[in-house]
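Using the sequences and the hints, build the whole thing.
The listed protein sequences derive, respectively, from chains A and B.
Terminal number for the first sequence in the working numbering: 288, no gaps in between.
Terminal number for the second sequence in the working numbering: 341, no gaps in between.
Calculated from the structure, these hints are not laboratory results.
Honestly, I wouldn't trust all of these hints.
Stated by the list, open to error - Output of the computed footprint for chain A on chain B, the stretches with three or more beta carbons under 8 Å from beta carbons of chain A:
1) 51-59
2) 102-113
3) 210-217
As the list claims (entries may be wrong) - EDC-like, lysine to aspartate or glutamate: derived pairs with alpha carbons at most 16 Å apart:
4) B:Lys59 - A:Asp193
5) A:Lys201 - B:Asp81
6) B:Lys256 - B:Glu164
7) B:Lys172 - B:Glu200
8) A:Lys201 - B:Glu79
9) A:Lys208 - B:Glu334
10) A:Lys186 - B:Asp88
Treat the numbers as computed from the prediction; the structure is a model and nothing was measured.
Glycine is no exception: its CB is placed at the ideal position from the N, C-alpha and C atoms.
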Amino acid sequence: MSIATSSRRYFHSHVWARITALLSLPLAWLGVLYIGSLAALFITSIWKIDTFTSKVVREFTLSNFIDVLTDKAYFNVTVRTVGVAVAVTIICAVIAIPMAFFIARVAKPQSRPVLIALVITPLWASYLVKIYAWRTMMAPDSGFLNWLVSPLGLSSPGFGMIAVIIGLSYLWLPYMVLPIYAGMEKLPDSIVDASADLGAKPGRTFLKVILPITWPAIIAGSLFTFSLSLGDYITVQILGGTFQMLGNVVYQNFALNLPFAAAVALIPVIVMMVYLASVRKSGALDNL
Amino acid sequence: MGSKSSVIISLRGLSKNFGSVRAVDGVDLDIYQGEFLTLLGPSGSGKTTVLRMIAGFEKPDAGSIELNGKEITHLPAYERDVNTVFQDYALFPHMDVISNIEYGLRVKAIAKDERRAQAMAALAQVRLDGYENRKPSQLSGGQRQRVALARALVNRPSVLLLDEPLGALDLKLREQMQIELKELQRQVGITFIFVTHDQEEALTMSDRVAVFDRGKIQQLDKPATIYENPANSFVAGFVGISNLITGAASLSLLGKGGTWLVRPEKIEIDSPATGGRRAQGQIREVEYLGPATRFLVDLDVGISLMALRQNTSESATSVAEMRNTKVTVSWDIESEYKVEK
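Shown next, in the form of structure tokens:
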């Protein structure tokens with residue numbers, strides 16, 4: 001009996017051996033790099049710092065959390081960050097839903113791949129290039145946006161929260177369009193026909209049939225836009241002016257006070273967990 | 001059907017192209033109030049497209065559709081007084097059974113209590129009492145089928161359109177649903193237009209059958225006439241199994257030219273009776289079907305005929321022994337039907 005035959009027989013009769021062979025690599029990746037880094041983050045956040053040398057002292061303390069929770073400034077940053085993430089998610093959804101609907105159900109089937117390619121084209125360009133492009137467009141006096149709205153007696157919002165929301169919405173839009181497109185494309189024509197057949201006008205069909213059925217896809221898209229916005233700090237640095245989000249606080253602190261930065265970095269993780277739990281409770285993930 | 005009463009749907013010169021394919025080619029058809037009409041044909045024959053044009057899901061390229069004497073050719077689907085039962089049922093997956101059934105009534109802004117009462121009655125009519133709070137995903141195929149029926153019928157449409165509604169069900173359930181559908185149609189008295197590719201289904205359920213091929217109606221008549229006296233060789237070949245006797249065989253066997261049809265169940269093997277047509281041959285194949293046996297007989301004149309015989313007392317072994325034996329086949333001259341082309 002050759003080795004190949006004997007190993008084949010072994011795998012055939014040992015289910016757990018097969019599962020181990022299949023999943024050991026992805027599980028190692030998930031365990032070490034993903035869960036491991038989160039654990040490291042958490043452990044670091046309960047260590048002390050030598051204020052003189054900025055070196056981490058491996059002794060237990062809750063002071064980092066107490067600082068984060070009691071200082072009003074960090075609470076305000078958290079609220080601002082969540083607010084920006086919510087705004088970006090809503091803007092992306094409002095743009096992406098009709099866009100995905102058009103591509104999936106109005107455009108001719110043969111032009112769909114082209115339209116989808118157009119949606120994801122911005123992902124081929126570097127993040128930094130796109131954000132610096134927005135910086136020049138957003139510039140208070142000389143920017144393109146200012147030139148565009150000045151005939152209306154308006155001026156560009158300049159750098160700040162509005163610019164950050166616009167920039168992030170631009171960056172993450174494809175992540176909202178793709179899952180919604182997939183959800184709407186999957187929807188059988190007969191379901192839409194059935195709604196019209198029962199007397200519903202197109203608007204009602206959209207609100208009562210298409211939107212509820214694709215809701216899980218919209219939630220899936222919102223998980224991307226919300227979490228990506230929560231953690232961003234580079235766009236905020238480039239477009240935000242003096243505006244700051246949680247990522248910037250982490251960035252400013254991690255060289256000087258790593259345990260404190262770790263405690264701040266746990267905030268978006270917790271916010272994301274709360275969001276996931278509430279989404280799950282709403283049943284939106286049941287049909288994913 | 002009986003009552004040649006009023007025409008409820010009238011199709012005139014109805015045509016539809018998909019690209020270069022002429023899916024429906026100048027169909028004229030009058031459908032009467034309260035009848036069960038089946039559009040029968042192979043896939044691609046245009047039967048479903050005709051149904052979808054009546055429903056308003058496809059726009060005809062030419063021709064007109066009238067419903068209750070009013071032209072509806074260019075009305076959108078949501079303004080037509082017809083309802084459809086879809087092949088895949090098309091139930092709304094995010095709504096429970098009762099909300100699915102209430103959907104059409106809700107659109108019409110019927111008050112909640114009234115709506116609920118009508119929906120519950122429709123649910124009872126399809127014998128699904130107690131299932132109102134299930135989701136479609138929790139139902140079997142047959143149950144979904146019934147919910148789809150209730151959802152359409154609760155609106156009391158002038159016409160119910162059924163697009164191969166039994167196609168996804170297994171044989172036993174399908175036969176049961178055929179009977180239920182027919183009973184339901186008698187109860188509610190609504191005109192049913194039923195699309196199927198299953199000729200047996202068409203023959204058992206319909207008042208009239210329209211046989212479609214290549215976008216045209218080949219024959220429109222009662223099931224018995226379609227079966228016994230097919231208008232042309234397509235209908236003869238599509239509806240039931242038929243023996244077509246043509247050319248030289250027709251001249252030598254029947255003493256007349258043209259194409260003639262004899263149904264297998266009309267052909268007897270070694271019948272003691274005299275008279276009618278008689279021919280010698282040898283049994284090539286024997287198929288035991290349970291209630292009947294099918295014989296393929298090679299005639300000495302050079303053609304083969306299919307004969308079907310009811311099994312009264314024969315066992316599978318005794319009929320199997322008849323293979324390769326010499327036999328005489330016979331049939332009445334009245335069983336021969338002239339077939340066009």
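Enumerated hints in conflict with the structure, sorted upward: The structure conflicts with hints 3, 6 and 9, although it agrees with all the remaining ones.
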